[in-house]
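Trainee: Protein chains in written order, with the numbering used here: chain A, 242 to 392; chain B, 318 to 513; chain C, -18 to 191; chain D, 1225 to 1619.
Since the hints were made in silico from the structure, they are not lab data. Heads up, a few of these hints could be off.
With a cut-off of at most 30 Å between alpha-carbon atoms, the simulated DSBU-like pairs for lysine-lysine come out as follows [what the hints assert, rightly or not]:
(1) A:Lys380 / D:Lys1479
(2) D:Lys1543 / A:Lys306
(3) A:Lys306 / A:Lys380
(4) A:Lys366 / A:Lys382
(5) B:Lys390 / B:Lys441
(6) D:Lys1479 / B:Lys424
(7) A:Lys306 / B:Lys390
(8) A:Lys366 / C:Lys112
(9) D:Lys1543 / A:Lys320
(10) D:Lys1441 / B:Lys388
(11) D:Lys1441 / A:Lys382
(12) A:Lys244 / A:Lys258
(13) D:Lys1441 / D:Lys1429
(14) B:Lys386 / D:Lys1546
(15) D:Lys1441 / C:Lys102
(16) B:Lys386 / D:Lys1429
(17) A:Lys366 / C:Lys102
(18) A:Lys269 / D:Lys1596
(19) D:Lys1441 / D:Lys1479
(20) D:Lys1474 / B:Lys390
(21) D:Lys1420 / A:Lys382
(22) D:Lys1278 / B:Lys390
(23) C:Lys112 / C:Lys168
(24) C:Lys168 / C:Lys102
(25) A:Lys380 / A:Lys322
(26) D:Lys1429 / D:Lys1479
(27) D:Lys1543 / D:Lys1479
(28) D:Lys1543 / A:Lys380
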Amino acid sequence: MVKFVTDIWDTFSTVFKGMGITARYMRKKPVTQQFPEERWALPDRFRGFVHNDVPRCTSCTLCAKACPVDCIYIEMEGKGKDRRMTRFAIDYNKCIWCSLCTEPCPTNCITMSHDYDHSVYLREKLVYEFVGDPVIPFKPKKAAREEEAEA
Amino acid sequence: MTEQEIYQRLQARFDDSILGFESDIPQPVVSCTPEAVGDIAKYLRDDPALSFDRLLCLSGVDYEGLDEKGKGKHREINRYEEDGTVNPVEDPGTGDLAVVYHLESFKHHHRLCLSVRVPRETPKIASVGHVWITAQYGERETYDFFGIEFEGNPDLRRLFLPEDWVGWPLRKDYEMPVRYNDVPLEGLGLAVRDEQ
Amino acid sequence: MSEPKQTGPEVAFNVVGDQIADDREQMLDFRIDEDLAKVATPRSDHVIVARVEDLFRWAQLSSIWPMTFGLACCAIEMMSAAGTRYDMDRFGAGAMRGTPRQADLMIVSGTVTAKMATRIKRLYDQMPDPKWVIAMGSCAIGGGPYFKYGYHVVKGVDMMVPVDVYVPGCPPRPEVLLDGLMRLQDKIRGKRGKWRKPKWVDEYINTIPR
Amino acid sequence: MTDVRPHQDIATPAGDIAKPIKSELLHINMGPQHPSTHGVLRLFITTDGEMVTKVVPYLGYLHRCAEKIAEGNTYHQYIIYTDRMDYLAAMNCNWTYCLAVENTLRSLGVEVEIPEYAEYVRVIIGELNRIASHLIAFGTYGLDIGAMTPFFHALREREAILNIFEKVCGARLMYSYYDVGGVKWDIPDDAMDEIKLFIDLFPAKLDEYNELLTGNKIFVERTANVGVLDAATCIDYGCTGPVLRGSGVKHDLRKDDPYSIYDRFDFDIPVGTGTVGTVGDCWDRYHVRMLEMYESWRIIQQAVDRIPPRGEVMAKMPKNLKVPPGQGYYRAENPKGEMGFYIISDGGTVPFRCKTRSPAFHNLHIIEHVGKGQMISDLCATIGSLDLVLGEIDR
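Looking at chain A on its own, in the form it has when it is part of the complex (with noise of 0.2 Å):
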């Protein structure tokens, strides 16, 4: 008998010591933010899709050998002086954000930038083109000169 009513009493207490606790918190700041309008200050080392700036790239194709899942594409055409990058497409079906592809890059071109929230309606639409016409890849500074006292 006495442990009936200790029974009854202890489920009380402890469930209004919970409720206390609900009580407490209903005084508060809600933490809620309201998304499209507020954004959440993304800290500096975020890491979003992946972007190319391709005026600075050397198409070295490092960035593709380093990539786990083979998520980047690069193509080229000619040789030596002539060589042209004709494609850097990034898959986003296939990429996770992992940053591994922006650690060996020469140049820094390559990099995590901040944009996140890009839903599509066509999975097609995640494959991104960064270069239209065939550009002359970039050559450093050093390298440059290296070759101009080769020559």
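Assemble the complex: chain A is given as a structure, and chains B, C and D must be docked to it using the hints.
Mentor: Same frame as chain A, but now just chains B, C and D:
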């Protein structure tokens, strides 16, 4: 007890079944014949001086195409191409399969690595599921991935893959499936441009 | 190892080329159209004529009931989206149902394996019309990291069920899921919502050094 | 609960005389789409009335071929796949894998000198992730039992930890922060301030959780004396982590087989004591996790106090990491238990075989044993107390 002493103890008890001992590596390996594994396991657990009461890890290995020279040029596994298609496999593997047991004792805090090679054509090995119950799932997993049959396992079915799956996926010569029943497994190579 | 390489603020805003900039030109308005808002609070001095179809669509888009369909890692972010900070209930989509028969949105969050694919198909068939599907995360969109060697992974859930909105990310932040939800509401509405510049755009532009 | 009718008595005609009511066994599929199975676990349950007579788990609904992928990717590239194994404690999985590769390298004669600062960063971040993982376990266990509020409280603190991680490495869930030879980036100042703030605030929150759930009479009634596991069975089934410690075995690799710099910190190993029921019941396993959060908090506090001035975070590693021919099994204590990697290398940049010993896989196996003779609702409580993560079980 060091691995050397454990090996000598095993050598004295199971003379012919113990095949060898690799001692010049940091985690020495004792290898034995596939038929004797059940008895050896029972002895390892029950002998008070050894009392290996924990099976840490039961792994299957496919030694097909291992680079013996140590240059790292082993056989490449097959994959889905960039456009999502599958290439057929020409040469089936011939290398041995193996099962590796990592054991530990709570009482004496010593560890042992037991390796058992089985031929690829008839991969059969005695089960240790009655010694360490946790081995039952490990054996099912190994059967699932490598097709090694554990004789004496009470419930030897595929564990992860569906029952009617074809092939043993973790073998080096496994060809990637095109579809499973009516589920397509090939991909769409959306980013791959046509050559024309 | 050096600091992670990051874009400066001037490039961060229009990163992924012109394609996406076109897409993003019109920010979605998840609030109901003003006409319909007047219907909701009718006054005697003006009368609104609206198609019944629009009204139904408005009702559908404002009360999407998603199914709790956590498959893998992305499910944790889906839980966060339903949690306190992001609160999916603001869009009328917070009533997570355990059964497909009460739901009209399936958020496929995670890797779809060959063994699970048939179940997904069956669950989709059990949902009452009208129904929608959001593919959340790289795995559900197109196999993601498991494209190359994933012998047991379906390369995209749209091989099994029709998908309305693709939400990229691995895993996507909860905001991206909310963005995808707004896109879905747009799709149901049949037209883009009105462009309304969010507060943060002005704030952000002010922070860019000139 | 205590006396279970063996179903032969009822099902066979012989039992008809003793028990006139003839009942049949009922087969139920629980999952793979079920709210309280923590993912896509499928349990095939045979019940006799309300009593469960047999539980058979069906796995593989999230089998993502991780071990095949390991044979196709380099050592660096595989780190991102270890993230996706135990997605609630991705940092710890990264750490275990990096530790395994480093130890394999070391044992084969390659020097890997991890900087002191990096070791402290590893411990701080790893323990923070342990707290985050246990918070989810605590929150979802409340959900399983029927308490909604703890989930939101747990998620709030988890968001605080995720903020720290986002400042440290830029991602919320899939970090790939640890690297072979150290960590990728140091902890920035604002994140360090946030960690200090977290240290200050967390014990009060822990008290709040205890008040909310641990002592709650309804919760205790649902979990005490349910799903009792004795130590010998746990060891036999290969259980590790809070499941083993809940049964009273004082086994923690951070103490027993210290890796990294855990031997420098002062912390206890909580074990189940049977405070409200029997040793090894669901409540004990739950309580061990709560105490572990406190111990992790202690470790973080000590590490933040003693952290050396900022310096290098990476050892000098070759760009193309090659592991000499050899093999090794190395393990670490994850939130779910002992995680290990068995790596066989033949000298290349790609592992020849990389097998994962996942703790939840072994913890799951015991459900076959403990599920017998329980009510179905108690089975839900037991599954919740085992804290399963399907990404790790199926790999």
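Trainee: Next, verify each hint and record whether it holds.
Mentor: Hint by hint, here is what the structure shows:
no. : hint                  : in the structure
1   : A:Lys380 / D:Lys1479  : violated (54 Å)
2   : D:Lys1543 / A:Lys306  : holds (13 Å)
3   : A:Lys306 / A:Lys380   : holds (20 Å)
4   : A:Lys366 / A:Lys382   : violated (36 Å)
5   : B:Lys390 / B:Lys441   : holds (29 Å)
6   : D:Lys1479 / B:Lys424  : holds (16 Å)
7   : A:Lys306 / B:Lys390   : holds (18 Å)
8   : A:Lys366 / C:Lys112   : holds (23 Å)
9   : D:Lys1543 / A:Lys320  : holds (27 Å)
10  : D:Lys1441 / B:Lys388  : violated (63 Å)
11  : D:Lys1441 / A:Lys382  : violated (73 Å)
12  : A:Lys244 / A:Lys258   : holds (20 Å)
13  : D:Lys1441 / D:Lys1429 : holds (20 Å)
14  : B:Lys386 / D:Lys1546  : holds (14 Å)
15  : D:Lys1441 / C:Lys102  : violated (42 Å)
16  : B:Lys386 / D:Lys1429  : violated (58 Å)
17  : A:Lys366 / C:Lys102   : holds (25 Å)
18  : A:Lys269 / D:Lys1596  : violated (46 Å)
19  : D:Lys1441 / D:Lys1479 : violated (34 Å)
20  : D:Lys1474 / B:Lys390  : violated (44 Å)
21  : D:Lys1420 / A:Lys382  : violated (45 Å)
22  : D:Lys1278 / B:Lys390  : violated (48 Å)
23  : C:Lys112 / C:Lys168   : holds (12 Å)
24  : C:Lys168 / C:Lys102   : holds (22 Å)
25  : A:Lys380 / A:Lys322   : holds (11 Å)
26  : D:Lys1429 / D:Lys1479 : holds (27 Å)
27  : D:Lys1543 / D:Lys1479 : violated (34 Å)
28  : D:Lys1543 / A:Lys380  : holds (23 Å)
Figure legend: structure checked against the earlier numbered hints; hints not met, in rising order: 1, 4, 10, 11, 15, 16, 18, 19, 20, 21, 22, 27.
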